[in-house]
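Here is what each chain is made of, one letter per residue.
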Amino acid sequence: AQSVTQLGSHVSVSEGALVLLRCNYSSSVPPYLFWYVQYPNQGLQLLLKYTTGATLVKGINGFEAEFKKSETSFHLTKPSAHMSDAAEYFCAVSDQLRGGGNKLTFGTGSQLKVEL
Amino acid sequence: NAGVTQTPKFRILKIGQSMTLQCTQDMNHNYMYWYRQDPGMGLKLIYYSVGAGITDKGEVPNGYNVSRSTTEDFPLRLELAAPSQTSVYFCASSDPVTGNTIYFGEGSWLTVV
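Protein chains in written order, with the working numbering: chain L, 488 to 603; chain P, 774 to 886.
By construction, these hints were calculated from the structure, which means they are not laboratory data. Possibly wrong hints are sitting among the right ones.
[Said to hold, decoys possible] Here are the simulated SDA-like pairs of lysine to any residue, each with C-alpha atoms no more than 20 Å apart in a straight line:
no. : chain 1 : residue 1 : chain 2 : residue 2
1   : P       : Lys817    : L       : Ser514
2   : L       : Lys536    : P       : Tyr876
3   : P       : Lys830    : L       : Ala488
4   : P       : Lys817    : L       : Ser513
5   : L       : Lys590    : P       : Thr797
6   : P       : Lys817    : L       : Ser490
7   : L       : Lys590    : P       : Gly831
8   : L       : Lys555    : L       : Asp582
9   : L       : Lys590    : P       : Ser791
10  : L       : Lys590    : P       : Lys817
[What the hints assert, rightly or not] Far from chain L, by Cβ distances over 10 Å, these chain P residues were calculated:
no. : residue
11  : Pro781
12  : Gly789
13  : Leu883
Backbone N, C-alpha and C fix where the C-beta goes; we use that ideal spot for every residue, glycine too.
Kindly produce the complete structure, drawing on both the sequences and the hints.
Right, dumping it as C-alpha cells:
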C-alpha cells in the first residue's frame with residue numbers, strides 16, 4: 488500500500504527565507520507524486536506534480552520539488568518565502584484504482600507560517 | 774471556468790438526519806471522487822466513480838452512499854448522520870487527458886450535532 492510521511496506538521500519561516508517542506512513516500516511501483524496547497528476554508532489547489540521524466544519539477548508561485556528515488560523523497564522548496572505562502576501543504580502519492588481513475592494517498596499536511 | 778462545484782458550503786445536521794452533498798463538474802471528466810478531511814489528517818477517499826452508472830467504495834465508505842447518473846454529477850448521501858461524520862468533504866474529478874491530475878472543489882463543511 489502507498490503511504491506518505493510529511494515531517495513537520497508546523498513549519499515557521501521568516502519572510503524571504505528558504506521554504507523546505509519534507510515528504511517521503513512508500514510505493515511498490517514508480518510513483519506519481521503531487522503537492523497541493525490549501526488556504527483557509529478553501530479547497531486544494533495543485534502546486535506541482537511528478538509523473539515521469541525530469542526529476543526537478545517546477546510549479547506555481549515559485550515552488551519546486553525534486554523527486555529522489557534513492558531517498559524516496561519529494562521535498563517541496565521555495566527560495567524566498569512570501570507572506571502569501573502561509574497555508575497548509577499536502578504531499579500525495581497516486582495509485583491506480585480498480586476500473587480506472589487514481590486514488591491519492593495524502594500525508595497529514597504541513598502548516599506553513601511566514602513571519603515578518 | 775467553474776471546474777468542480779459543491780453545494781452546500783456549510784451545513785449543520787442533527788444526529789439521525791439525512792442529507793445530500795451535491796457535486797457537479799463541467800470538464801467532462803470520467804472519474805469523480807469524494808474525500809473527507811478530518812483535523813490534522815490528510816484526505817481519505819470515501820467513494821469514487823469511473824463513469825456514469827459505475828461507482829465503487831474507497832477507504833471509508835461506511836455511512837455514505839453515492840450515485841452517478843450523468844457524467845457531470847456525483848452526489849454524496851448521508852443517510853443517518855452521526856457525530857463521526859463531522860468533517861470537511863471534497864468532491865474531485867480527473868480524466869486521463871489531465872495526466873492523472875485530480876481537481877478539487879471548494880469543500881463542504883458539515884457538522885453533526
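Hints breached by this structure: 9
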